[in-house]
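Using the hints provided, position chain P relative to the given structure of chain R.
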Amino acid sequence: MNPAFRDGAREGIRDFMPMSVGLLPWAVVTGIAMVSAGLSPLQAAGMNLIVYAGTAQLGTLPLLASGAPLWLIVLTALALNLRFVIFSAALAPAFHDYGLARRLASSYLLVDGVFAMCTERLLKADDPHWRWGYYLGPSLWVWTLWQLFTLAGVLGAGIVPQGWSLEFMATIALLVMMLPMSRTRPMLVAALAGGIATVLLRGLPLRLGLIAGIAVGILAGFAAEHGLQKRGAR
Amino acid sequence: MSGDALLWLTFCLIGMTTVATRGSFILLGERARLPPVVQRLLRYAPAAALAGLVMPDLLLDDGALDPLNPKLAAGLVVVLVATRWRNPWLPFVCGMGVLLLLRRGLGW
Chain R
36 MNPAFRDGAR
46 EGIRDFMPMS
56 VGLLPWAVVT
66 GIAMVSAGLS
76 PLQAAGMNLI
86 VYAGTAQLGT
96 LPLLASGAPL
106 WLIVLTALAL
116 NLRFVIFSAA
126 LAPAFHDYGL
136 ARRLASSYLL
146 VDGVFAMCTE
156 RLLKADDPHW
166 RWGYYLGPSL
176 WVWTLWQLFT
186 LAGVLGAGIV
196 PQGWSLEFMA
206 TIALLVMMLP
216 MSRTRPMLVA
226 ALAGGIATVL
236 LRGLPLRLGL
246 IAGIAVGILA
256 GFAAEHGLQK
266 RGAR
Chain P
5 MSGDALLWLT
15 FCLIGMTTVA
25 TRGSFILLGE
35 RARLPPVVQR
45 LLRYAPAAAL
55 AGLVMPDLLL
65 DDGALDPLNP
75 KLAAGLVVVL
85 VATRWRNPWL
95 PFVCGMGVLL
105 LLRRGLGW
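Protein sequences appear in the order of chains R and P. Take the first sequence: its position 125, counted from the start at 1, is 160 in this note's numbering, and no numbers get skipped. Take the second sequence: its position 14, counted from the start at 1, is 18 in this note's numbering, and no numbers get skipped.
Worth flagging that the hints you see were computed from the coordinates, not collected in a lab. A couple of the hints might just be wrong.
If you only want the chain P side, here are some residues facing chain R, beta carbon under 10 Å, derived [unchecked claim]:
1. Val23
2. Leu72
3. Leu104
4. Leu110
Covered stretches of chain R (chain P as the covering partner; in silico rule of three or more C-beta atoms under 8 Å from a C-beta of chain P) [said to hold, decoys possible]:
5. 84–90
6. 93–99
7. 138–145
8. 161–174
9. 181–194
10. 225–239
Ideal Cβ placement from N, Cα and C applies to all residues, glycine included.
If we strip away everything but chain R, and leave its shape as in the complex, we get (with noise of 0.2 Å):
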């Protein structure tokens, strides 16, 4: 093994450590979630190991239980995925002297805590080797403690009794999630409006009720970002 790429997974794991214990929660939940959706063990896998997004799994699978219809699924999931687009720009020119098999594996690995906490070192590396264990070693560490800890929850969650309400974590998982996010005022204005949004438009035919709240959300975010700048101007 080239010695800086090792000295690179070292570094890169030790610095993204102090997020692991964060995500176990989120592993599990998740795993819990699965069940609670009515997916075997073996779909519950398939889907970690296809998907492999907290976010997008945890969102779709509350319409993967109330069968909507597929194009819904996928555009919800979509939209939940779009800032992986910021984040893939972001990062694109630390990968930029790397073939297509690196680039294939870099994107499906890539998660937000290793963008957070990877990014900026990543991108003042000159030494490829180096920047290629920086990022493969805590994106592995990741991908295993999410397949390992989603497994627990979804062993853990068949031992649970019917009617605890399990499918609740799903939200609370959503919700918690939402709440760091909607830290800025166009955040929060983005995130009441598409809510309410889609609670108004939920009569809509062909559940367009969430998209379209989505699409208000997106609006009234940007909206507000201008009315705040206008304002400071003045």
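Here is chain P on its own, set in the frame of chain R:
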């Protein structure tokens, strides 16, 4: 198509949205650039989508508006706990505790 095949197809399509968004610029390389307006619009999508999933579950009962329900009470406790303490398990423990207490303990 059988239900099971449809489910796996759904997983694959959701998985494609994961890799497509994460890989968008990593795969394209630096040739592509995102216009700043689009970047700013995209930032609001996840918060709006999360709220669009959470709020109906907290406010609706069988499709009708019902603000006084155990799930909303539990949701408010979750918000309070999550904003006040940093323990990642606490919102789940307290939220489920309140919901189970109200539903099973008090029969609400």
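Verification of the hints:
With 10 Å as the threshold, the beta carbon of Val23 of chain P comes within range of chain R, its nearest partner Cβ sitting at about 5 Å, so the hint holds. Because the closest C-beta pair between Leu72 of chain P and chain R is about 15 Å apart, greater than 10 Å, the hint is violated. At about 7 Å, the closest approach between the beta carbon of Leu104 of chain P and any beta carbon in chain R falls short of 10 Å, and the interface hint on this residue holds. Because the beta carbon of Leu110 of chain P sits about 14 Å from the nearest beta carbon in chain R, more than 10 Å, this interface hint is broken.
Counting residues of the segment 84–90 of chain R whose beta carbon lies closer than 8 Å to any beta carbon of chain P gives 5, which reaches the threshold of three, so the coverage claim holds. Using a Cβ-Cβ cut-off of 8 Å, 4 residues of the segment 93–99 of chain R lie near chain P, which meets the minimum of three, so the contact claim holds. For a cut-off of 8 Å, the count of residues in the segment 138–145 of chain R with a CB near a CB of chain P stands at 6, and the three-residue condition holds. Here's how the segment 161–174 of chain R fares: 0 of its residues keep a CB closer than 8 Å to some CB of chain P, so the rule of at least three is not met and the hint is violated.
Taking a C-beta to C-beta cut-off of 8 Å, the segment 181–194 of chain R contributes 0 residues in contact with chain P, too few for the three needed, and the coverage statement is violated. Requiring three or more residues with a Cβ within less than 8 Å of a Cβ of chain P, the coverage given for the segment 225–239 of chain R holds, as 11 such residues are present.
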